[in-house]
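Chemist: Listed here are the chains, written in short residue letters.
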Amino acid sequence: MELNFDTVIRNLPLFWQATLITVKITVLAFVFALIIAFTVGVLRSYKIPGLFKVLLAVYVEIFRGTPLLIQLFFIYYGLPSVGIIMDAFSAAVIGLALNGGAYMSESVRASILSVSKGQEEAAYSLGYNKLEAIWHIILPQAIRVAIPPLMNGFSSMLKETSLVSVISITELTRTGNLIYSRTARPFEIYLTLGLFYFVLTFSIVLLAKQIERKERRWIL
Amino acid sequence: MFKFKQASAVLVGLLAVILFMAGGCADKTTDKSADKSQPEVSDNSWTTVEKNGELVVGMCAQYPPFESINEKTNQPEGFDVDLANALGKNLGVKVKFIDAQWEALLAGVEKGDYDVLITCMSKQEAASANINVSDVYYELNDIIVVKQGNDSIKTVDDLKDKVVGVQSASSCEIAADSLSGLKEIKRYNYNPEAFIDLTNDRVDAVIVGYAYAATQIKDKSDLKIIDTPVGETSEIVMVNKKGADALTAKLNEALKAIKASGEYDQIHDKWLKLQI
Chain G
1 MELNFDTVIR NLPLFWQATL ITVKITVLAF VFALIIAFTV GVLRSYKIPG LFKVLLAVYV
61 EIFRGTPLLI QLFFIYYGLP SVGIIMDAFS AAVIGLALNG GAYMSESVRA SILSVSKGQE
121 EAAYSLGYNK LEAIWHIILP QAIRVAIPPL MNGFSSMLKE TSLVSVISIT ELTRTGNLIY
181 SRTARPFEIY LTLGLFYFVL TFSIVLLAKQ IERKERRWIL
Chain U
1 MFKFKQASAV LVGLLAVILF MAGGCADKTT DKSADKSQPE VSDNSWTTVE KNGELVVGMC
61 AQYPPFESIN EKTNQPEGFD VDLANALGKN LGVKVKFIDA QWEALLAGVE KGDYDVLITC
121 MSKQEAASAN INVSDVYYEL NDIIVVKQGN DSIKTVDDLK DKVVGVQSAS SCEIAADSLS
181 GLKEIKRYNY NPEAFIDLTN DRVDAVIVGY AYAATQIKDK SDLKIIDTPV GETSEIVMVN
241 KKGADALTAK LNEALKAIKA SGEYDQIHDK WLKLQI
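So the protein lines, in turn, are chains G and U.
The first sequence begins at 1 in our numbering and counts up one residue at a time.
The second sequence begins at 1 in our numbering and counts up one residue at a time.
FYI, nobody ran anything at the bench for these hints, they're computed from the structure.
These numbers come from a predicted model, not from an experiment.
There could be a bad hint or two in this list.
Subject to a maximum C-alpha distance of 20 Å in a straight line, what follows is the list of computed SDA-like cross-link-like pairs (lysine to any residue) [as the list claims (entries may be wrong)]:
id: 1; chain 1: U; residue 1: 147; chain 2: G; residue 2: 86
id: 2; chain 1: U; residue 1: 183; chain 2: G; residue 2: 14
id: 3; chain 1: U; residue 1: 183; chain 2: G; residue 2: 184
id: 4; chain 1: U; residue 1: 162; chain 2: G; residue 2: 184
id: 5; chain 1: U; residue 1: 183; chain 2: G; residue 2: 17
id: 6; chain 1: U; residue 1: 147; chain 2: G; residue 2: 80
id: 7; chain 1: G; residue 1: 24; chain 2: G; residue 2: 98
id: 8; chain 1: U; residue 1: 111; chain 2: G; residue 2: 184
id: 9; chain 1: U; residue 1: 111; chain 2: G; residue 2: 190
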């Protein structure tokens, strides 16, 4: 078989379009996941009413304990049976955010645990109340620890978007399959597809490096 | 800045690896074409099958009534299954079915995982791949399915500005792509998902093969079939590896024989007689 990248070049506009959709879904889902992760992670690190604690634990364990593919199928194809109907894009963002949020909340919790207990006690002795202590003393120190695993979550989320093709979103992976089924050139097309994903995730790596270098100035 | 340099070094390195791989493959190609120039590279496609006493049939058993997995027996069943068995009987070999992902079938037959694909694949769907096709064994039209009570779609032209669902990598997808003015084409892994979305108003219409629609939708009272063909008629063929001419010829012979004996009609009536 001769290699022929013409098919790839001819279909580049399709790839660009799909990249845009993949990036859009990833960024939106990541922002929501961050909000979920910090809320859940902080709450689970402190004493909260029992029922609340159980609910949060159930959420985290269910979304970590089942495959994302099944969660997406359930949200998009299953929920309509009980009257909850949403469009594919929302279902994708919600599914990815809930899933990523569950994982990332554990990173946040771990980072809070890494801040020594003495910091909190010192804050109280200076007259901070609990919320102030978390906000001004604990979180700024915890975030520095949380950034690498959170950015890790960002790049795995980007790759997981390939699963949303099953709910009829034409993102990068679906576009690759589409072009492949028309041209039967798996080598060229999947290589290109891989390259697109790699460039995207590598950009996240660079972004993470940048953030880690500058965080000191932002936070302290 | 130092770290940026490191990063770009990684990227350049990756690029070099890819180019190297591409170069390596190009070399192999020349080797192969040298092989081809030798006269009569043995086409042992049929003799291998005969020797093994087994015809390996690849299919994606997600497309009743052509092929699906029986809920009770866990075995594939359908028009293509019975047809393959009849062909096998005629050729004097056993038939073994392998169920695989639709997208992987063509690559699989090229690679030699299956002797033949009998999986309601049309000439058009197979056209892109470098393969052999048999004589046409069935002609299939794609049609439109809409929700009961939807009176705004009566012809293909009415699909303008509508959201249309199709099974990905199917003749229906090709048909939908060829229509202009659609609002959006939603591509599903499999037809049942498209129908869930049709029921839930997330698509306005689904384009699907006639036989599938007629047998699967007959018990769904909320959907209706609009019986006008969309796109070209699909000519359903069996697919062999490129150059497996002996096997293709044998299959064509067997197909003719079972058509002449009336066996084909029996199988056809069993699975594909439309009950609308």
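Chemist: Does each hint fit the structure? Answer for all of them.
Modeler: Here's how the hints hold up against the structure:
no., hint, in the structure
1, U:147 with G:86, "holds (18 Å)"
2, U:183 with G:14, "holds (17 Å)"
3, U:183 with G:184, "violated (27 Å)"
4, U:162 with G:184, "violated (29 Å)"
5, U:183 with G:17, "holds (16 Å)"
6, U:147 with G:80, "holds (16 Å)"
7, G:24 with G:98, "holds (16 Å)"
8, U:111 with G:184, "holds (13 Å)"
9, U:111 with G:190, "holds (17 Å)"
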